[in-house]
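Since chain A is already given, all that's left is putting chains B and C on it; use the hints.
The chain contents come next:
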Amino acid sequence: MLAIQVLINALVLGCLYACIAIGFSLVWGVLNVINLIHGSFIVLGAYLAWGAYNALGLSPWYSLLIAAPSFFVFGYLLQRLLLNRVITAPVLVTLTLTFGLDLILNNAMIYYFKADYRKLILNPPTGSVSIFDVVVPVDRLIATASALALTFLLYLLLRRSKVGRAIVAVRLDRDAAVLMGVNVKSIYAVAFGLGAALAGCAGVLMALIFPISPLTSSAYLGKAFVVCVLGGLGSVSGALAGGLLLALVEGVGSVYLGPAHAVTLSFVLLIIFLVVRPQGLLGRKGFE
Amino acid sequence: MFHPRLVLAALSASFLLAAAGLGATSSVASAQDVIRFGAPLPITGPLAPEAVKQQQGYDLWAEQANKAGGINVGGKKYKVEIVYSDYQSNTPRSVQTTEQMITQDKVNFMFGPFGSGAAKAASTIAEKYKVPMLAATASSSQVYDQNYKYLFGTFTPNDTLTTPLTKLVKAKATDVKKVAILARNDLFPLAIAQEMEKSAKENGLEVVYFEKYAINTLDHSATLSQIKSLAPQWVFITGYTNDLLLIRKQMVDQQMKAGVVTMIAGPAYQEFIDSAGATAENISSASWWHPAEKYDGKDIFGSTANFVKLFKDKYKLEPDYAHASAAVCGALFQMAIEKAGSLDRDKVRDELAKMDVVTFWGPVKFGANGQINSLEPPVFQIQAGKPVVLFPDAIKQGDFKLGVN
Amino acid sequence: MTRTNIALLVLIACVAALPLFGDAYAMRLGTMACMYAIFALSWNIVGGFAGYPSFATAAFFGLGAYTTGILMNKGVPLSVSLLGALVLCLVLAAALGAVLLRLRGHYFAIASLSLVEVFRELVNNATDLTGGGMGLNIPLVSGSSVLSDATFFFYAMWGLLLLTALVVIAVSASKLGFGLNCIRQNETASNMVGLNSTLHKAVAFGLSACFVGAAGGLYAAWVHYIDPSDVFDILYSVKPIVMALMGGLGSPLGVVCGAFVYLGLEEVVWRNYIQIHSGVLGVLIILLLLFLPHGLISLHASKIWRGLFGRKAKHV
Chain A
12 MLAIQVLINA
22 LVLGCLYACI
32 AIGFSLVWGV
42 LNVINLIHGS
52 FIVLGAYLAW
62 GAYNALGLSP
72 WYSLLIAAPS
82 FFVFGYLLQR
92 LLLNRVITAP
102 VLVTLTLTFG
112 LDLILNNAMI
122 YYFKADYRKL
132 ILNPPTGSVS
142 IFDVVVPVDR
152 LIATASALAL
162 TFLLYLLLRR
172 SKVGRAIVAV
182 RLDRDAAVLM
192 GVNVKSIYAV
202 AFGLGAALAG
212 CAGVLMALIF
222 PISPLTSSAY
232 LGKAFVVCVL
242 GGLGSVSGAL
252 AGGLLLALVE
262 GVGSVYLGPA
272 HAVTLSFVLL
282 IIFLVVRPQG
292 LLGRKGFE
Chain B
2 MFHPRLVLAA
12 LSASFLLAAA
22 GLGATSSVAS
32 AQDVIRFGAP
42 LPITGPLAPE
52 AVKQQQGYDL
62 WAEQANKAGG
72 INVGGKKYKV
82 EIVYSDYQSN
92 TPRSVQTTEQ
102 MITQDKVNFM
112 FGPFGSGAAK
122 AASTIAEKYK
132 VPMLAATASS
142 SQVYDQNYKY
152 LFGTFTPNDT
162 LTTPLTKLVK
172 AKATDVKKVA
182 ILARNDLFPL
192 AIAQEMEKSA
202 KENGLEVVYF
212 EKYAINTLDH
222 SATLSQIKSL
232 APQWVFITGY
242 TNDLLLIRKQ
252 MVDQQMKAGV
262 VTMIAGPAYQ
272 EFIDSAGATA
282 ENISSASWWH
292 PAEKYDGKDI
302 FGSTANFVKL
312 FKDKYKLEPD
322 YAHASAAVCG
332 ALFQMAIEKA
342 GSLDRDKVRD
352 ELAKMDVVTF
362 WGPVKFGANG
372 QINSLEPPVF
382 QIQAGKPVVL
392 FPDAIKQGDF
402 KLGVN
Chain C
2 MTRTNIALLV
12 LIACVAALPL
22 FGDAYAMRLG
32 TMACMYAIFA
42 LSWNIVGGFA
52 GYPSFATAAF
62 FGLGAYTTGI
72 LMNKGVPLSV
82 SLLGALVLCL
92 VLAAALGAVL
102 LRLRGHYFAI
112 ASLSLVEVFR
122 ELVNNATDLT
132 GGGMGLNIPL
142 VSGSSVLSDA
152 TFFFYAMWGL
162 LLLTALVVIA
172 VSASKLGFGL
182 NCIRQNETAS
192 NMVGLNSTLH
202 KAVAFGLSAC
212 FVGAAGGLYA
222 AWVHYIDPSD
232 VFDILYSVKP
242 IVMALMGGLG
252 SPLGVVCGAF
262 VYLGLEEVVW
272 RNYIQIHSGV
282 LGVLIILLLL
292 FLPHGLISLH
302 ASKIWRGLFG
312 RKAKHV
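Sequence order for the protein chains is A, B and C.
The first sequence lines up with residues 12 to 299 when you count with our numbering.
The second sequence lines up with residues 2 to 406 when you count with our numbering.
The third sequence lines up with residues 2 to 317 when you count with our numbering.
Chain A extracted, bound-state conformation (with noise of 0.2 Å):
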């Protein structure tokens, strides 16, 4: 029953680790571009939905359509503003970069929100479904199909619109995208503005699940980090496959090895990934 129940665990799990990720893995994709504040948006996202149910009664349903669009333009605006002049600069400088604009916007959100955690409580409580002793939470479920639904509408967008054909194409090969008649700038701030968008729904759906504070920012971008390696970067689909790995490994580790041991086996699985398989589960070989 136990192992039922973890696996379980981790399927559910799994999904919100790839949710966490997918904005992660499109920005470092597309733009090769380690967003190093990808944690603290998602953060922002949960304090936009905390404060959105608390103040106005807004469910965090709503919430995600507020989310999407604000921090799409946030997004863009930061890599047109500021990314975008250094996006031809060594690996160091855009990540040095990321750095500091992590240091001020979680300062900011330490600033105002205080350090202190906050939790959204949905009212009703969602409650969890059972069926023969293996118990999974709604809430997780539906922040699960949320999820999902996300990531799908991602792909849609990629494999459908202009712009997606766009971002995918600069993503394969740039100098050809350019040649093509692609604006690059441009298609930049789009697929950075998705990536923030991504991250602040994320942070919608986590506020359902996490309690809710600058300083968790860490722990997601550790998370998209790894599931980004595990799977592959990029795409949609290896996003999916290196949060189930996390999970299941997380899961399955903490239950044999106890759960200090969790997080060192998952950044040990990570070594190992980039130098026996660094193109991830799903991944294609020379992204470099």
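Any given hint could turn out to be false.
Label pairs and their in silico Cβ distance ranges [what the hints assert, rightly or not]:
no., chain 1, residue 1, chain 2, residue 2, range
1, A, Ser-70, B, Lys-173, 40 to 48 Å
2, A, Val-149, C, Leu-141, 53 to 61 Å
3, A, Thr-137, B, Lys-171, 49 to 57 Å
4, C, Asn-273, A, Val-149, 44 to 52 Å
5, C, Ala-99, A, Ser-141, 50 to 58 Å
Derived by calculation from the structure, the hints in this document are not laboratory data.
Even glycine gets a Cβ: it sits at the ideal position worked out from N, Cα and C.
Showing chains B and C alone in chain A's frame:
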């Protein structure tokens, strides 16, 4: 490629900056009739929520002391000034900032940084410079084992929390046989979990699960499923407020039930009760102080009720033990200074050492190692969204209720 | 020896005079300055010479701190413990480097970043040896007066800085330095002309870790108490990069100047903006990257940059 100008520029830049930094802080130090207290706090980083509490406690005391004209030192009134600094939840930085406060900011006395680890590290500096340091939130006996002369603390050792708790559970919940303990891998939460394991074994309970979880763990569902499968009657979990909220939420998600669920240190905080909502019901805990206590103190705050009222007026929230401990540290300094009639650090230190007084916090008397040994920490339980004291009997407000769903 | 290297040694020699002027607190800052300079110089071997964006500084800093701390608790004297930390970091980093430095760009960055997490969690979970989350107390070394203690650690750190600088200068003038330079410019080509790039990178990674490890050990003995979240703080990995970017990537003199200026900035910002210092630091980092992308050294020596990155940075 020799650039003497560059070297010069870099050197002078850093010196200028350093000088600017020193200048900015020393300008405030000039006022004559002020007593300066150094308070290093983890304003940013993972411990930030704790810093807010301590700061509120210190500020309330400083406000009250200054409202009364200041601290009376041999007939002359001195205003209180608290010098804050952020050590970024980084222990070595707390050592550095303590030294900076003593040597650069010229503080007269020191408050300890948050928690046992940082307090222990910083107390070395206070000892070196012979500056009395009052630690508001250090409980582990290892902090005081060094037998420093200038370090005093207002928390009793960790086992004074777990022992009465175990005794109470043993007496009221006779069917409790198996205990599961889950601890955050961090100084205080881990230390108290180890005390709990000891006290459970001493009282004939079986510890079926004892594990620690990493700091920053987001998901505990696998761990909790495993604990659930072991069917313990008592689940004992340590961590900070966020961990405990997270775990409590996931316990509910996993439909985990137990006769007794104890969490330390979250439930003593109002924000835990607010955030956990109905799921906080019947969670038991222990802490060093509780607003329901009824002491008639000789300190500036007087009775416990008066402290609670002043605190509520200022911050619009119920004080918890962390707020109160910080405030009482200020009040204790004030009493020691007034008694010594001098700002001489050694005299004030001697007054602290022989202090034997009742405060709103409780009776205060420090042992030879500097740790308070006169307190009886209360055990309490959340009932109908309110903390209800179960022990000691003198301030008991209700009976222990079993069953956490 | 080039003139910049002479300037570097002169600068370090000047720092040694600090105890003549400063009190215990100034000595503490001086010790930090030396430590930061060791970080920056060490990082520069892999990050500057070989062009690999390493985030592993914190991993070896923490490893060195814990090695020294554990040895000293077993009664081993400080000097021997430090040597132990240095050798362990050298060997371990060289071995890891041989594997990890096959990765390039972001992948290497992430791998080195994960190293910090792995080391931290290993130390966290080896409770019997390290005290886990409860931290580790390190016995006092001298136990004498405030000032002599401060002076001792200042000179110890300074000595380590001097040693680091000498080794870095030696490396930059040696075949190893030349090889690393080739690797940065074009690794594939270097391989083709018969350069054993794996060996070069492994040695470079080992050298960049060993002094950081020894600095960690000194630091542990200096503060008497370490815990995993302190010594494996990811900021220790990021700071040397910011210092190097500030001073000028690749130049030993530049990165040391960067380290000193960074410490000055950090100190001023931290003192004057209690609630918002990390935000202010973030603003400074961004301004620096946008307006002075090639570091302080570019103020006078834009040629160096062109020399280093003459080949227009390929879009990685």
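Structure-based check of all given hints:
no.	hint	result
1	A:Ser-70 - B:Lys-173: 40 to 48 Å	42 Å, holds
2	A:Val-149 - C:Leu-141: 53 to 61 Å	57 Å, holds
3	A:Thr-137 - B:Lys-171: 49 to 57 Å	37 Å, violated
4	C:Asn-273 - A:Val-149: 44 to 52 Å	49 Å, holds
5	C:Ala-99 - A:Ser-141: 50 to 58 Å	51 Å, holds
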